[in-house]
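Participant: What follows is each chain in one-letter form.
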Amino acid sequence: MGIETPDNGSYMVAAYVVVCVVVVGYAASLWRRSKQ
Amino acid sequence: MIPTLDDAHATIRRGLLITALALAGVATVIIMALWLTPTEVRQGLAQKIFYLHAPSAWAGLLAFSLTGITGGLYLWLRDPRLDLFSEASAEVGLVFGVIVLTTGPIWGKPIWGTWWTWDARLTLTLFLFFLFVGYMALRNALSDPAERARFSAVVGILGLLLVPFVHLSVYMFRTLHPQPVLLKPSAPSMDPRMLRTLLTSVGVFTLLYLGFVTARYGLSLRREARGVADGD
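So the sequence lines, in the order shown, correspond to chains A and B. Under our numbering, the residue at position 10 of the first sequence is numbered 10, and the numbers go up by one with no gaps. Quick note, our numbering runs 36 ahead of the 1-based positions in the second sequence.
By construction, these hints were calculated from the structure, which means they are not laboratory data. Predicted model, so just to flag it, every value in this text is computed and none were measured. Keep in mind that a hint or two might mislead.
Straight-line alpha carbon distances no greater than 20 angstroms define the calculated SDA-like cross-link-like pairs of lysine to any residue that follow [as the list claims (entries may be wrong)]:
#, chain 1, residue 1, chain 2, residue 2
1, B, K145, A, V24
2, B, K145, B, G80
3, B, K145, A, K35
4, B, K145, A, Y16
5, A, K35, B, T75
6, A, K35, B, D42
7, B, K145, B, T75
8, A, K35, B, R49
9, B, K145, A, P6
10, A, K35, B, A56
11, B, K145, A, D7
12, A, K35, A, V24
13, B, K145, B, R49
14, B, K145, B, E76
15, B, K145, B, D42
16, B, K145, B, A56
17, B, K145, B, D43
18, B, K145, B, L41
19, B, K145, B, A156
20, B, K145, A, G25
21, B, K145, A, S10
22, B, K145, B, L52
23, B, K145, B, T159
24, A, K35, B, L41
25, B, K145, B, R50
26, A, K35, A, G25
27, A, K35, B, T40
28, B, K145, B, D155
29, A, K35, B, Q215
30, B, K145, B, L167
31, A, K35, B, D43
32, A, K35, B, I54
33, A, K35, B, L52
34, A, K35, B, A46
35, B, K145, B, T40
Generate the whole structure from the sequences, applying the supplied hints.
Facilitator: Below you can see the structure in the form of structure tokens.
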């Protein structure tokens, strides 16, 4: 009997979105502070 | 040595340029993880969270370690630039800490069946994060620069002492957290395509740390240079 791969792609998408928001958000914060 | 405004602006520009390169690298890692790396059979797509989670943890621990090291060097050499670097590295470490402490539970829910468990690795990572939140709060609470640098250096060194415990916690305690696949005595235990994506991501997140900390350090240099120019 084969192993059934779980269907949990939504968790991966959520984690990737969080990472993008945090790194782009912080980079934007540095850029904005550099203009002040 | 007192930084000039020109030095500070050049440092900020250099940091933002490295950050832009690193952000392109993050996009590359995501493409590699989604389309060029096989799906792990038992964990499914949630396993791919690992390619961003583990390198963020590496970058965070690097940031907190350098905060403590430069804090110690400040206590020895009394060069204010070391204190400014400590401040920058602690802030950047917290950014990576936020990523680790959010992507970890997002992976844990489908794999462990719970968002959080008071496991040694997770708990120590949370404590380390809180310690550096305290570090930033302490810096904001003290107005005298020499006193701020001295006190925060001590807290940074205490944080540095916690870093090996975070890494070794999976060996020292009975823990649910997976064992390291890279930073261990034996060879990496992964499919070569997975390993390639992971190593690329570690390189990209190291570059991202470098970009963030350089830009943030430049902002601190500029603040000091303006303070000197204003006669503060």
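Participant: For every hint, state whether the structure bears it out.
Facilitator: Evaluated hints:
1. The straight-line distance between the Cα atoms of K145/B and V24/A is roughly 25 angstroms, outside the 20 angstroms bound, and the hint therefore fails.
2. Restraint check: the Cα-Cα separation between K145/B and G80/B comes to about 13 angstroms, which is no more than 20 angstroms; the hinted pair holds.
3. About 41 angstroms separates the Cα atoms of K145/B and K35/A, which puts this hinted pair outside 20 angstroms; it is violated.
4. Simply put, K145/B and Y16/A have alpha-carbon atoms about 15 angstroms apart, close enough for the 20 angstroms limit, and the pair holds.
5. Distance restraint check for K35/A and T75/B: the Cα-Cα separation of roughly 43 angstroms exceeds the 20 angstroms cut-off, and the hinted pair is therefore not satisfied.
6. Taken as a hint, the K35/A and D42/B pair is honoured in the structure, with Cα atoms around 14 angstroms apart against an allowance of 20 angstroms.
7. Restraint check for K145/B and T75/B: the C-alpha separation of about 18 angstroms stays at or below 20 angstroms, so the hint holds.
8. Our distance criterion of 20 angstroms between C-alpha atoms is met by K35/A and R49/B, whose separation comes to about 11 angstroms.
9. Proximity of K145/B to P6/A is assessed by CA-CA distance (about 13 angstroms); at most 20 angstroms being required, the pair is judged to hold.
10. For the hint pairing K35/A with A56/B, the CA-to-CA distance comes to about 16 angstroms; that is within 20 angstroms, so the pair holds.
11. Simply put, K145/B and D7/A have alpha-carbon atoms about 13 angstroms apart, close enough for the 20 angstroms limit, and the pair holds.
12. Straight-line distance between C-alpha atoms of K35/A and V24/A comes to about 17 angstroms, which keeps the hinted pair within the 20 angstroms bound.
13. Restraint check for K145/B and R49/B: the C-alpha separation of about 40 angstroms exceeds 20 angstroms, so the hint is violated.
14. For the suggested pair K145/B and E76/B, the alpha carbons sit about 17 angstroms apart, so the restraint of at most 20 angstroms is met.
15. In summary, the hint linking K145/B to D42/B is not supported, as the alpha carbons are separated by about 49 angstroms, beyond the 20 angstroms threshold.
16. For the suggested pair K145/B and A56/B, the alpha carbons sit about 32 angstroms apart, so the restraint of at most 20 angstroms is broken.
17. With a C-alpha separation of about 47 angstroms, the suggested pair K145/B and D43/B falls outside the 20 angstroms cut-off, and the hint is violated.
18. For a cut-off of 20 angstroms, the pair hint linking K145/B to L41/B is broken: about 48 angstroms separates their Cα positions.
19. For the suggested pair K145/B and A156/B, the alpha carbons sit about 17 angstroms apart, so the restraint of at most 20 angstroms is met.
20. Taken as a hint, the K145/B and G25/A pair is broken in the structure, with Cα atoms around 25 angstroms apart against an allowance of 20 angstroms.
21. The suggested pairing of K145/B with S10/A holds, with an alpha-carbon distance near 11 angstroms, which does not exceed 20 angstroms.
22. A threshold of 20 angstroms between alpha carbons decides the hint, and for K145/B with L52/B the separation of about 35 angstroms lies outside it, so the pair is violated.
23. The straight-line distance between the Cα atoms of K145/B and T159/B is roughly 16 angstroms, inside the 20 angstroms bound, and the hint therefore holds.
24. Using a Cα cut-off of 20 angstroms, the hinted pair K35/A and L41/B holds, with the two alpha carbons roughly 13 angstroms apart.
25. In summary, the hint linking K145/B to R50/B is not supported, as the alpha carbons are separated by about 39 angstroms, beyond the 20 angstroms threshold.
26. The straight-line distance between the Cα atoms of K35/A and G25/A is roughly 16 angstroms, inside the 20 angstroms bound, and the hint therefore holds.
27. Among the hinted pairs, K35/A with T40/B is consistent with the structure: their alpha-carbon atoms are about 17 angstroms apart, no more than 20 angstroms.
28. About 14 angstroms separates the Cα atoms of K145/B and D155/B, which keeps this hinted pair within 20 angstroms; it holds.
29. Between the alpha carbons of K35/A and Q215/B the distance comes to roughly 43 angstroms, so the proposed pair goes past 20 angstroms and is violated.
30. With a C-alpha separation of about 26 angstroms, the suggested pairing of K145/B with L167/B is violated against the 20 angstroms cut-off.
31. For the hint linking K35/A to D43/B, the alpha-carbon distance of about 16 angstroms falls within 20 angstroms, and the restraint holds.
32. Note on K35/A and I54/B: the hinted pairing holds, with a Cα-Cα distance of about 17 angstroms set against a maximum of 20 angstroms.
33. Between K35/A and L52/B the CA atoms are separated by roughly 12 angstroms; this keeps the pair inside 20 angstroms, and the hint holds.
34. The hinted pair formed by K35/A and A46/B meets the criterion: a straight-line CA distance of about 13 angstroms does not exceed 20 angstroms.
35. For the proposed pair K145/B and T40/B, the alpha carbon gap of about 50 angstroms is over 20 angstroms, so the pair is violated.
In terms of the numbered hints stated before, the structure departs from hints 1, 3, 5, 13, 15, 16, 17, 18, 20, 22, 25, 29, 30, 35, listed from lowest to highest.
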